[in-house]
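**Student:** Read off the chains here:
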Amino acid sequence: MTAVLSPTVREAYPDYLRCLDAADEHGAIDLALALIEGGVPAEDVLLGLVAPAQAQVGEFWQRNEWSVAQEHAATHVSERVVAAVATTVRPRPHRDRIVVACMDGEWHALPARLVAEVLRLDGWDVTFLGASVPSPHLVSYLHRQDPRAVLLACALPMRLPFAYRAIEACRRTDVPVLVGGRGFGTDGRWARTLGVPFAADARAASSLLAAPVLAGVEEPAPLGDAEYAGLVAARVELIDLVLERLDLSRYSPAQIDATVADLGYIVDSLAAAVYVDDVTLFGEFVSWLCTVLASRGVPLHTVGLTFDVMADRLRDFPRAHAYLRSTAV
Amino acid sequence: MPAAAAPDWSAGTPSAARRASAILPTADALVDGFREGVVVTDPAGVIREFSRPAARLMPGLVVGRTLAGCGEGPLAPGELTLGERRVRCRRVELTVAGTTSIAWYVEDVTDAVARSDALLAERGRARFLATASQKLGNPLHEDRAARAAVRLAVPTLGEVAVVVLAPRRGRARWWRATAGEGEAPPIVDGGVQPADELPPALDEAMRGAEPSAADWLADQLAEAGWLGDRDPARVAVRVVTLPGSASATGALLVVRSHDLDDHDMEMLRGFAARAGAALDAAVLYRDQAEVADTLQASLSPTEPPEVGGVQWGAAYRPAQSSLRIGGDFYGAHELSDGGALFYLGDVSGKGVDAAVFTGQIRQGLQALRRIEAEPARLLTLLNHSVLETTRAHGHGRFATMVLGRAYPGPGGGLSLTLASGGHLPPVVLRGDGTVETVDLRGMLIGVVPDPRIASVTLQLAPGETCLLFSDGVTEARGGVRGEQFGAHRLVDALAGCQRMPAPALAERVEQVIGDWLGGRNHDDIAVFAVRAVAPGSPARHLHAVPDRRSA
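As given, the protein sequences belong to chains R and W, one line each in that order. Residue numbering for the first sequence follows this note's numbering, starting at 1 and increasing by one per position. Residue numbering for the second sequence follows this note's numbering, starting at 1001 and increasing by one per position.
Be aware that one or more of the hints could be misleading.
[To be verified] Simulated coverage check for chain R against chain W, where a stretch passes if three residues somewhere in it have a Cβ under 8 Å from a Cβ of chain W:
{"no.": "1", "segment": "63 to 75"}
{"no.": "2", "segment": "103 to 109"}
{"no.": "3", "segment": "166 to 175"}
{"no.": "4", "segment": "230 to 242"}
[What the hints assert, rightly or not] Just the calculated beta-carbon pair ranges, DEER-fashion:
{"no.": "5", "chain 1": "W", "residue 1": "LEU1120", "chain 2": "R", "residue 2": "ALA261", "range": "58 to 68 Å"}
{"no.": "6", "chain 1": "W", "residue 1": "SER1245", "chain 2": "R", "residue 2": "ALA322", "range": "55 to 65 Å"}
{"no.": "7", "chain 1": "W", "residue 1": "PRO1410", "chain 2": "R", "residue 2": "GLU168", "range": "57 to 67 Å"}
{"no.": "8", "chain 1": "W", "residue 1": "ARG1168", "chain 2": "R", "residue 2": "ASP30", "range": "47 to 57 Å"}
{"no.": "9", "chain 1": "R", "residue 1": "GLN145", "chain 2": "W", "residue 2": "GLN1366", "range": "28 to 38 Å"}
{"no.": "10", "chain 1": "R", "residue 1": "ASP277", "chain 2": "W", "residue 2": "ASP1515", "range": "18 to 28 Å"}
{"no.": "11", "chain 1": "R", "residue 1": "GLN145", "chain 2": "W", "residue 2": "GLY1208", "range": "27 to 37 Å"}
{"no.": "12", "chain 1": "R", "residue 1": "GLU168", "chain 2": "W", "residue 2": "LEU1284", "range": "15 to 25 Å"}
{"no.": "13", "chain 1": "R", "residue 1": "GLU168", "chain 2": "W", "residue 2": "SER1116", "range": "34 to 44 Å"}
{"no.": "14", "chain 1": "R", "residue 1": "GLY27", "chain 2": "W", "residue 2": "SER1245", "range": "58 to 68 Å"}
{"no.": "15", "chain 1": "R", "residue 1": "LEU214", "chain 2": "W", "residue 2": "GLY1208", "range": "31 to 41 Å"}
{"no.": "16", "chain 1": "W", "residue 1": "ASP1143", "chain 2": "R", "residue 2": "VAL68", "range": "43 to 53 Å"}
{"no.": "17", "chain 1": "R", "residue 1": "VAL329", "chain 2": "W", "residue 2": "ASP1515", "range": "18 to 28 Å"}
Worth flagging that the hints you see were computed from the coordinates, not collected in a lab. For every residue, glycine included, the Cβ atom is placed at its ideal position computed from N, Cα and C.
If we strip away everything but chain R, and leave its shape as in the complex, we get:
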């Protein structure tokens, strides 16, 4: 997602952020539509105002300046703004049908939705299926609609093994697949590992789609080997081993849930890194996690302890063991 503040909308940006902060849906929509009425291209409003503001919201949350509820409300407002822009600027589609969807378990729908809207502005006949689309639903939709291509979004690298399953399911419908989102790495390197074409942003997606012949999914290098399968099987055990070492009596029930969820993310990211055979996936996740935890006053030695406990259990898992040992907290 290109989150660059466009000069045409720079003046409106602080007001827009204030609307998000106040969950003021109407104020935000009025502001965006006023820009369009004033001659600002709809694409600039989407990519130059909504996208950078949403990135900013993500940072506020990451630094614990905004609560998750605030972030969620702001995202909702942004969604409404995108919908309002879409109904205000409606070019007649003159190009093929495209389906855009977030994979099952992917709730970060806004980036994919922005791509969908930019493609629509480009004249594509776009259907956006929304957040967390179950694969069976997606597949039956593709079978019925015969689109030119399906764009799958994945925002979290830890979801890559699941993403690959969804890609495979789409591939079996014979509909070309294009992927996007930070889940595939900022440069799309894990899309290459999975053998599927990657679009860095909406512009790239549109030009890839315009090519006369769409590149198919290649046979990827063997993925999901025994080490990955073993990690998935050991997930609960790993979390339990760490929980045993923590003094849970000092935790509130909500804190225990949050800790369990974080431990799950650590195992999932480790497994995803093993899946694509790339330690940087795990490294990037850990540095993100540490920022989030530090801003919430969670002592980072817990993460270090977690790594020690897991590494001890994973002696027979050469890559996972090496990743845990080589990743600094």
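Based on these hints, arrange chain W on the given structure of chain R.
**Tutor:** Just chain W, lined up with the frame of chain R:
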């Protein structure tokens, strides 16, 4: 065995030792009886002797001359061609009584080679058909299956392949693949032809008869524009039926520069059978999908109406994810006196049967609300109606639900009257961010003639939200070892979210449950939020939000 005996000769073993008696035929007669021909020369290549089979392969052989002198090609160990025959040669040096001879054993393998070539070709055809079966099995859309078929047919079956689908509503869609330059993939295009303008040969093929290969076939197809710039006089064209379960699904025609032999035709028909089956499956799928779409459209929750002072929010995630309908239901209606009626419930059972039952309940409510708008009395009426239906059908289904009525209060906010038939009590998110559980129980709907219906009235200040939800929320199994989400986690997820608009709140619950599930299976999940907003707050943008689930 003569062949096995050969090394013994070269080893100089006296052959007489193995000859049991004089009644055996002479060596000449034995050698003439071998399938292998034998030519014996001296070390310089002059022929000393040859057998009859050798003479059949090399008619020019004369004793005392070299092979070249006889006008025969040179022999060499391995496979080579003699005239029109393919032979395999062996060279053996024999020394008998100090004299060295060269023996050439020449075996005619023409037929064996032809057989193995045929076998390889057969294997190639089988492999082609196996690949085709696999690739044709993927798409379940008619056009995509047709495109896959023409793409696969080129270049193995022809330089051009056209699939014409059986006409639908007087029009026939067609797809064509044309071999690309060199290694380039075939170019695929398509179009529509009025059914009454189809070439007669295609009509014939659609009726299941295979048109014979005749010159006019190419002319017909050239007229239809399918040969491109190819000269109909210089190409061979074949048309075959694409068979279907009831009638033909279409016809396949292939164009190539030389005609197809029997094997090619067999492969073409084999391919057509597979393509026909794929198209048949796609058509079947389309028909069933149309039924499913209609069913889904009539059973999916509808967008709640705009009502002054009320903001609705809903989230729905059915267990059966391909059809997206289930046993949870919700909805809202505007009342003529300015209030609104809303409900959320859950029927026993799962899947399509349950979804059909929710349709009956929603229709019942839709009809009954016109004669009774008081929630508890309306639920009692609904109970009678459901009991009658279930007894008539003998299926013993029942439902739980919360039914509410909202009226805008004089000083802003909403006054809610809630009635419950055995459903989970709703929660209220107050302006200070705290969450209260409404004390509301009641008995199941559709089980006994006179159930106890619980009823309660509460006030929502502007910005406060009442949230109805199904047991798919609290009973969602997740966490580390599949424990239930539980009411307390729902309360935690909502606490502090008082600034969230109702749709965002409903989405948040859906998302938190989704994260909790972590990909596990779940029951139907439904959430319906009713938020009090300032009565004058414009609702003009609400309609601008397309319902993403309508797709």
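**Student:** Each of the hints needs a verdict: does it hold here or not?
**Tutor:** Status of the hints after comparison with the structure:
Evaluation of the coverage hint for the segment 63 to 75 of chain R: fulfilled, as 6 residues show C-beta separations to chain W shorter than 8 Å, against a requirement of three. Counting residues of the segment 103 to 109 of chain R whose CB falls under 8 Å from any CB of chain W gives 3; the rule of at least 3 is met. Beta-carbon proximity to chain W at under 8 Å applies to 4 residues in the segment 166 to 175 of chain R; the threshold of 3 is reached and the given coverage holds. Three residues within the 8 Å Cβ limit are the bar, and the segment 230 to 242 of chain R against chain W gives 3, so the coverage statement holds.
Range check, LEU1120(W) to ALA261(R): about 60 Å between beta-carbon atoms, so the 58 to 68 Å window is met. For SER1245(W) paired with ALA322(R), a C-beta distance near 56 Å keeps the hint of 55 to 65 Å intact. Separated by about 59 Å at the C-beta atoms, PRO1410(W) and GLU168(R) satisfy the suggested range of 57 to 67 Å. Separation of ARG1168(W) from ASP30(R) is about 48 Å and conforms to the stated range, judged on CB atoms against 47 to 57 Å.
The given range of 28 to 38 Å is respected by GLN145(R) and GLN1366(W), whose C-beta atoms sit roughly 32 Å from each other. A hinted range of 18 to 28 Å for the beta carbons of ASP277(R) and ASP1515(W) is consistent with their spacing of about 27 Å. A hinted range of 27 to 37 Å holds for the C-beta pair GLN145(R) and GLY1208(W), which are about 31 Å apart. Between GLU168(R) and LEU1284(W) the C-beta distance comes to about 24 Å, which sits within the given range of 15 to 25 Å.
Restraint check, GLU168(R) to SER1116(W): a C-beta distance of roughly 39 Å satisfies the suggested window 34 to 44 Å. Between GLY27(R) and SER1245(W) the Cβ separation comes to about 59 Å, which falls inside the hinted range of 58 to 68 Å. Between LEU214(R) and GLY1208(W) the beta carbon distance is about 36 Å. The supplied range of 31 to 41 Å therefore holds. Taking the beta carbon of each, ASP1143(W) and VAL68(R) are about 45 Å apart, inside 43 to 53 Å as hinted.
In this structure the supplied range 18 to 28 Å holds for VAL329(R) paired with ASP1515(W), their Cβ-Cβ distance being about 24 Å.
When held up to the earlier numbered hints, the structure conflicts with none and fits them all.
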